[in-house]
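Peer 1: Sequence:
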Amino acid sequence: MQKNKSIQVSTFLSHDTIERRIYFIRGKKVMFDKDLAALYDVETRILNRNVLRNSDRFPEDFMFQLSEQEFKNLISQFGTSSWGGLRKRPRVFTEHGILMLSSVLNSKRAIQVNIQIMRTFTKLKEYILNHKDLQKKIEELERKYDSQFKVVFETIKEIEEPLKQKRKRTIGFHARPE
1 MQKNKSIQVS TFLSHDTIER RIYFIRGKKV MFDKDLAALY DVETRILNRN VLRNSDRFPE
61 DFMFQLSEQE FKNLISQFGT SSWGGLRKRP RVFTEHGILM LSSVLNSKRA IQVNIQIMRT
121 FTKLKEYILN HKDLQKKIEE LERKYDSQFK VVFETIKEIE EPLKQKRKRT IGFHARPE
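Numbering of the sequence shown is given in our numbering, commencing with residue 1 and proceeding in unit increments.
Simulated from the structure, these hints should not be mistaken for lab results.
Some hints could be false.
[To be verified] Calculated pairs, DSS-like style, for lysine-lysine (alpha carbon to alpha carbon, straight line, at most 25 Å):
1. 132 - 144
2. 72 - 29
3. 137 - 29
4. 136 - 28
5. 144 - 123
6. 136 - 34
7. 125 - 137
With these hints in hand, go ahead and build the complete structure from the sequences.
Peer 2: Below you can see the structure in the form of structure tokens.
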């Protein structure tokens, strides 16, 4: 009976559900504390409290807190409300930090959720490895078109400069030359 329960828990999360919660910050794939807490079915404060109690298990390459600038960018992206937006800089966890969370939270659900998350990270890695040729083509196109668009924007600026000078009007009264 117990075995069937763990199978049900491990299949309730789709890869898409998890993928939508993976972000790329500071060159690393990470997940936010609030998203992980939702997946583990615990409050964010409880997740963070357990992490702080076991801080030696979470070095900087496993977990880090967003900087003030990153936090401001996050708020501008998602917005806040007077009744329930983000108030504190969130913690984000790398793949290794997420692995460590299952030992800190110490529940069957945490273990099963971590298994699904690790499978999703593995799927993403395989996808990237299998599509390196596509990635190279995209990078080549970006380099090619970035230089072309740079020329276009420079030309537009050159055309706009004389127009800006013509449009410049002064406000107020001006003495007429006598």
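Peer 1: Work down the list of hints and note, for each, if the structure agrees.
Peer 2: Now the hints, each set against the structure:
1. 132 - 144: Cα-Cα ~18 Å, so holds.
2. 72 - 29: Satisfied, since the Cα-Cα distance of roughly 20 Å is no more than 25 Å.
3. 137 - 29: holds (22 Å)
4. 136 - 28: Distance of about 20 Å is within 25 Å: holds.
5. 144 - 123: violated (30 Å)
6. 136 - 34: violated (34 Å)
7. 125 - 137: Holds. Residue 125 to residue 137 sits at ~18 Å (cutoff 25 Å).
Figure legend: structure checked against the earlier numbered hints; hints not met, in rising order: 5, 6.
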